[in-house]
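Residue numbers (our numbering), protein chains in the order written: chain Y, 1 to 556; chain V, 1001 to 1319; chain U, 2001 to 2231.
Since the hints were derived computationally from the structure, they do not count as laboratory data. Positions of the beta carbon are idealized from the N, C-alpha and C atoms, including for glycine. It is possible that part of the hints are untrue.
Example chain Y residues on the side facing chain V (calculated, C-beta under 8 angstroms, incomplete) [said to hold, decoys possible]:
| no. | residue |
| --- | --- |
| 1 | G143 |
| 2 | A331 |
| 3 | A339 |
| 4 | K343 |
| 5 | C374 |
Straight-line Cα separation of at most 27 angstroms, DSS-like style, residue types lysine-lysine; simulated pairs [to be verified]:
| no. | chain 1 | residue 1 | chain 2 | residue 2 |
| --- | --- | --- | --- | --- |
| 6 | Y | K343 | Y | K195 |
| 7 | U | K2039 | Y | K195 |
| 8 | Y | K65 | V | K1254 |
| 9 | V | K1059 | Y | K349 |
| 10 | Y | K343 | V | K1053 |
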Amino acid sequence: MTADAHAAHHHEDFYVEGGKGIWSWLTTLDHKRIGLMYLWSVLLFFFVGGMLALTIRLELMNPGKDFLTAKQYNEVFTLHGAIMIFLFLIPAIPAALGNFVLPLLLGAKDVAFPRLNLASYYIYVLGGIFMIYAIWMGRVDTGWTFYTPYSVKASSAVIPMVLGVFIIGFSSIFTGLNFIATIHKMRTPGMTWSKMPLFCWGMYATSLIQVLATPVLGITLVLLTMEKVWHIGLFDPERGGDPVLFQHFFWFYSHPAVYIMILPGMAVISEVIPTFSQKHIFGYKAIGFSSVAIAILGFLVWGHHMFVATQSQLASIIFSAITYLIGIPSAIKVFNWLATMYKGSVQLKTPMLYALSFIFLFTIGGLTGIFLACLAVDIHLTDTYFVVAHFHYVMMGGNAIGFLAGLHYWWPKMFGRMYNEKLAQIACALVFIGFNGTFLPQFVMGSRGMPRRYYDYLPEFHTMHMLSTMGSWVLALGFFLMAGYLLASLRVGAKAADNPWLGLTLEWQTASPPPLHNFEKQPIPKVGPYDYGYPVHEPKRVPGLGGKEIVHGTGD
Amino acid sequence: MLSHILLSPWAPFMPPAKSDFAGSLDTLYGFIWWTMAFFFVIIVFLLFYLPYKYRRGDKPTLTPRITHNLALELTWSGIPALLIIVIAFWGFNLFVKAYVPPGGDVTEINVTGKQWAWSFEHKDGTVIPGELHVPVGRPVKLVMSSTDVIHSFFIPDFRVKSDVVPGRYSSIWFTPKEVGDHQVFCTEYCGDSHSAMLATVHVVTEEQYKETLENGGLPKEAPPAQRGALIYQRAGCVTCHTVDGVRLVGPTFKGIFGRTEQLVGGGSLTVDENYIRESILQPQAKIVAGFEGQQMPSFQGVLNDRQIGWIIEYLKTLK
Amino acid sequence: MAQEINRLPVTHGAHHEEEHSPFLQHHFASMDQQFEAGKLGMWIFLVTEVLLFGGLFGGYALMFSYHPAAFHEGHHHLDVKLGAINTVILIFSSLTMALAVRAAQTSNKQALIKYLIITFACACGFLVVKYFEYSHKIHEGLLPGTYYHYIHQTTPSDPHIGTYFAFYFMMTGVHGLHVIAGMSAIAWVLWRSLKGHFDRNYHAPVEITGLYWHLVDLIWIYLFPLLYLVR
Ligand code: HEA
Ligand code: HEA
Ligand code: CUA
Ligand SMILES: [Cu+2]
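Please put together the full structure from these sequences, using the hints given.
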């Protein structure tokens, strides 16, 4: 958290109302500071996870042993997957960005339970330390899925590892609980459900999943621990148990969890696109309800990870059918975003570039998900690099890019500084090119039959692996550039205006960064969050708002 | 290069289709591929066209207040919905076929997966590790099980795959179209040498198949040590034991015969025929010092006495 | 000036500075809002608790269906009498907790303190009984999983009886932790009642603690027949 302290030192106006010094940060109840602490932690874990990813890619550049042993390789991808999912992607948007902006968007002074909020942060840190320590020292190599019976036989450090995940689960539950209560009870007067920005709808759907699915993960891990310590014969076939049962428990959580990892990204995009098109969002209700639909359907499809795992054919058919259905609310979102730009006034600033990349990459990820949802085709593709490419396209290309869109969108609000736009666009291009360079070849080799979690491979896959590795370097270059200009902006960045992108949502109607209690007076939104489209400089009558006059802000 | 990857323009990037099922699966795969490509192209077109067409000048301009359009919403959820229904039924249909073998003359072969090798037991009791021989043109059914953790049996050229789970049987079937060799992968993560858990399918003629069974899958005239070397590769000894002195999971075989080993719990012995035999059949009986905690699976029931004899001959040659 | 232009004018809600309660947290506009939020939060939390136990119940049901004989044999080792006593204690404590909430709502400080103390005492009683049950089991070797070694063994047990005890200890153990958490909450509320914090205008913590405590009871009411009375 030194960076926080840094920032706090360098601008006298930076969150000083809440007190100065590191201690005031560590004990703060202010959602903005907690959000920022989450942000730095999440970025740190992303960095670690990314370095592990580069290690994977480097080892796979050539067939055979390069610099890792098989066991080490397996530990590396386990650590990579677990860190990226539990420590980076799940908290990235809700706990880091959401914590910061959700109360602002709602016109609230804070989240409903600030103390619980801080607690969730420390629980997260504790769980993270636990988990990394366990994997690192205990050399856990089960993959992030912990499948039994391998995990029952494997190193005993599986227990502390699982405990770490269990602890982090609570942090996730607390954030979700807090957000639901906040959205229900903390909206500023005048903000009805249908005037709520779509980001809040996305957070609401995400929180529902967090609250409803995470406890089941908790209990699965408890059962796994019982199996390992007491040998109760639940999952271990040697004692009459059923190893596939574990997969049911695990995916019952982890499939909904993948929607914890995409709805927030979609939520960010639904804010960025209208702002940079200066146009009313197309299909507000359709987008809002499709989030909730995805959240609900997401609970009914877990079996699609087990089509070839000897589950009954009837079950597979049902799971597959429901899986396809999720394509429809997703399609609705994609097309509504596109339609929002129609006749807009589109400005390609960095957040918008990331939003457009999101649509491109998520579409690839989602459409390849349909291949996997198709029973017969999944027989061939499951557990190959096709799946690896699919989930990187949705998780990294979808949600992580959505996170970057949000990061760049709200950066001026969070830190009161602008980053260098030119460098930011270059970095965005590098990330986009590098990402496709890394993962497109993986679709090709996956279709050809290259299995995942392979330390070594046949020479026929060499070219594709080589391309993929080189892509990962471009990707990494983009990220290093990004880290550079973002950190630099904290010291040398131009002062940000309160509303640099001409947004209409409430967070732009207060200072950058916002004062301790967010707004000087209780804000009451007079126009909806997306009521763009009125003359910019003159007052104008607004239909549907009681004929009151409003002035639209300008942006220089 | 490209022609190697793009064997079939209808089903891009798929490996050669070498069974009947593979052909029909590719038709479906291709249908999905091109349907998805269609949507992708539309979306990417709009993604570039709209921001370009409606780009902002110096100042934001007035934008019309277009909030929603029910007809459009129904169109872009309806069309995908229809296509999904087609894909879904097609997929269910093939899926059921993929796991239900046709009646009649089916060759059944038992497959055992263990960390980290496959072995194949034919109807006449011949067990051949690491190499699956099947007759061409007839349906083959594999009945599979595992002795330790979950594995998965995958033959890309036939587009078949199933997890192999301890404590239960799973099965796949295929009808190879022509004589040739095909790769088998283990595709469920199973530990250190998951990526070395490979095997080969040899599709052979009916006569060759008979002959192979008679010879236990080994070359007819080969000397015992050479046969042992093949078993060392195929039974998976290679995943844990090297012949060049490097230590993997187990001790190296370099210079093993006649070597003096320190055992866990004190004592030592000189490696001879009986000790090797015991190590293969009851690995836990005597454990070499320094390898506590590492487990070698027993090969009881996988390797018969003749095969063990060949291995011993082979180990003797490793100086 | 630039800043002024940048902002949308927003009208500001009139300040309903009702009588300002010292317990109103700064970020809430009114006591009502604070109370409603707290209550909603607790309800959501209860849902997650139900799901947590739901998973354990699911695992239990499954293992029961695999090894009914073992579970049947296992339950004979439990003392139904002690279980029943504990059930009565908890149901009674639920009643006193409800009375405590009622007392808070009617600003009856004396009664509030009295009922909270009784509830707390019941919880202690529950744990004492549990302690005797546990130590007895441990002493006799009625332990989970492979640790099972019944010392008065006459006829051989079902090989899966350890599974029954694994669930017994895990479920009652997790429930016990909830009892302890509930006790801490009750103690905290009690302390605040002694300081006279609660009256008809402000008693949210009592009510929310009450909600939690009822859940703890409710779970026991399912655990008791499942573990002690299986057929
Ligand atoms: C952010 C995370 C995320 C998201 C959003 C998704 C979204 C989807 N996923 Fe993915 N998935 C993962 C993360 C995610 N997935 C992970 C991590 C794994 C592997 C885990 C592991 O094993 O380690 C996985 C694995 C996985 C499998 C199992 C593969 C296997 O192991 O064999 C399947 C199978 O059905 C699947 C399907 C889908 C589908 C149908 C969607 C849908 O939601 C996609 C919907 C979107 C669209 C369809 C695009 C937009 C629509 C249009 C442009 C309109 C046109 C559309 C049609 C005509 C259909 N996924
Ligand atoms: C959020 C999820 C996420 C993300 C973002 C990534 C990112 C990447 N992943 Fe990962 N991956 C998983 C989740 C993720 N992965 C999961 C769940 C698995 C499965 C594990 C399993 O099988 O158990 C997996 C597996 C996996 C494999 C397969 C291993 C195997 O099966 O054998 C590969 C192989 O190429 C890979 C590569 C990469 C690469 C090159 C990136 C790159 O995109 C990474 C690029 C990132 C960086 C280079 C970091 C740079 C960061 C900074 C410099 C700091 C930034 C600071 C500021 C912006 C201020 N991943
Ligand atoms: Cu066997 Cu992987
Ligand atoms: Cu899924």
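So, going through the hints one by one against the coordinates:
1. Of the supplied interface hints, the one on Y/G143 holds, with its beta-carbon coming within about 5 angstroms of a beta-carbon of chain V, less than 8 angstroms.
2. Hint status for Y/A331 relative to chain V: holds, with the closest Cβ pair at about 5 angstroms, below 8 angstroms.
3. With a cut of 8 angstroms, the hint placing Y/A339 at the interface with chain V holds, because the nearest CB-to-CB distance is about 7 angstroms.
4. Annotation: Y/K343 was flagged as interfacial toward chain V, and the flag holds, the nearest CB pair being 5 angstroms apart, inside 8 angstroms.
5. Look at Y/C374: its Cβ gets to within about 4 angstroms of chain V, closer than 8 angstroms, so that hint holds up.
6. At most 27 angstroms may separate the alpha-carbon atoms for a hinted pair to count; Y/K343 and Y/K195 meet this at roughly 23 angstroms.
7. For the hint pairing U/K2039 with Y/K195, the CA-to-CA distance comes to about 25 angstroms; that is within 27 angstroms, so the pair holds.
8. Straight-line distance between C-alpha atoms of Y/K65 and V/K1254 comes to about 20 angstroms, which keeps the hinted pair within the 27 angstroms bound.
9. Simply put, V/K1059 and Y/K349 have alpha-carbon atoms about 14 angstroms apart, close enough for the 27 angstroms limit, and the pair holds.
10. Of the supplied pair hints, the one linking Y/K343 and V/K1053 holds, its CA atoms being roughly 8 angstroms apart against a limit of 27 angstroms.
Hint compliance for this structure: no hint is broken.
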